[in-house]
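J.: Sequence:
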Amino acid sequence: MNKQKHIVVYGYSESDVLKLKEFIDTKLDVNLQIISASGKENIKVADIIERNENPFFEEKVEKVLMLLDFTDGEIRYLLHNFSTINIPKPLFCALTEHNFEWTFDKLILDLMEERKYFEEKRKSERSC
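Heads up, the sequence shown is in our numbering, so the first residue is 21 and it goes up one at a time.
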């Protein structure tokens, strides 16, 4: 029996979301439920998850995938094999006690700052 998993998506077209769902359902043998955060930038992450709505998908420059209910092994598999889905790479995150109450805009900004920090750190390590 397939386990129910949830993922909050932002910035992807509906066709890309369908590719993602098919990949995860098949490769991880789960039943993935998609929760769309598109158009909900000013809503708290907790409310987006609680409402569990997914009728609207909108392509954006920044893309976010928030993984819910996934095991560490499933997350590692997804991160390692994401490029085979053939959709743009997102900012990955998980639900935490901190970001639970943030608006989705705040979450995106925080993830972008985190990405920038690690990119700069990687560059400085290469130059040493």
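Honestly, the hints are just simulated from the structure, not real lab data. Nothing here was measured: the structure is a model prediction, and the numbers come from that model. Honestly, I wouldn't trust all of these hints.
Claimed, not checked - Label-pair distances were calculated between CB atoms; the ranges are:
| hint | residue 1 | residue 2 | range |
| --- | --- | --- | --- |
| 1 | ARG146 | LEU88 | 32 to 38 Å |
| 2 | ASN72 | ARG135 | 26 to 32 Å |
| 3 | ARG146 | ILE63 | 21 to 27 Å |
Stated by the list, open to error - Here are the simulated DMTMM-like pairs of lysine to aspartate or glutamate, each with C-alpha atoms no more than 20 Å apart in a straight line:
| hint | residue 1 | residue 2 |
| --- | --- | --- |
| 4 | LYS47 | GLU94 |
| 5 | LYS39 | GLU70 |
| 6 | LYS83 | ASP36 |
| 7 | LYS109 | GLU82 |
| 8 | LYS80 | ASP45 |
| 9 | LYS23 | ASP67 |
| 10 | LYS23 | ASP125 |
| 11 | LYS25 | GLU82 |
| 12 | LYS23 | GLU134 |
| 13 | LYS109 | GLU70 |
| 14 | LYS25 | GLU94 |
| 15 | LYS23 | GLU42 |
| 16 | LYS83 | ASP49 |
| 17 | LYS83 | GLU139 |
| 18 | LYS47 | ASP89 |
| 19 | LYS64 | ASP45 |
| 20 | LYS80 | ASP125 |
| 21 | LYS109 | ASP36 |
| 22 | LYS60 | GLU42 |
| 23 | LYS60 | GLU139 |
| 24 | LYS109 | GLU34 |
| 25 | LYS64 | ASP89 |
| 26 | LYS41 | ASP92 |
| 27 | LYS64 | ASP36 |
| 28 | LYS143 | ASP125 |
| 29 | LYS109 | GLU121 |
| 30 | LYS47 | GLU61 |
| 31 | LYS60 | ASP92 |
For every residue, glycine included, the Cβ atom is placed at its ideal position computed from N, Cα and C.
J.: With reference to the structure, classify each hint as holding or not holding.
T.: How the hints compare with the structure:
no., hint, in the structure
1, ARG146 with LEU88: 32 to 38 Å, "holds (34 Å)"
2, ASN72 with ARG135: 26 to 32 Å, "holds (27 Å)"
3, ARG146 with ILE63: 21 to 27 Å, "violated (39 Å)"
4, LYS47 with GLU94, "holds (10 Å)"
5, LYS39 with GLU70, "violated (24 Å)"
6, LYS83 with ASP36, "holds (11 Å)"
7, LYS109 with GLU82, "holds (9 Å)"
8, LYS80 with ASP45, "violated (24 Å)"
9, LYS23 with ASP67, "violated (23 Å)"
10, LYS23 with ASP125, "violated (30 Å)"
11, LYS25 with GLU82, "violated (23 Å)"
12, LYS23 with GLU134, "violated (31 Å)"
13, LYS109 with GLU70, "violated (26 Å)"
14, LYS25 with GLU94, "holds (11 Å)"
15, LYS23 with GLU42, "holds (14 Å)"
16, LYS83 with ASP49, "violated (24 Å)"
17, LYS83 with GLU139, "holds (17 Å)"
18, LYS47 with ASP89, "holds (16 Å)"
19, LYS64 with ASP45, "violated (27 Å)"
20, LYS80 with ASP125, "holds (13 Å)"
21, LYS109 with ASP36, "holds (11 Å)"
22, LYS60 with GLU42, "violated (24 Å)"
23, LYS60 with GLU139, "violated (28 Å)"
24, LYS109 with GLU34, "holds (15 Å)"
25, LYS64 with ASP89, "holds (19 Å)"
26, LYS41 with ASP92, "holds (19 Å)"
27, LYS64 with ASP36, "violated (24 Å)"
28, LYS143 with ASP125, "violated (27 Å)"
29, LYS109 with GLU121, "violated (25 Å)"
30, LYS47 with GLU61, "violated (30 Å)"
31, LYS60 with ASP92, "violated (28 Å)"
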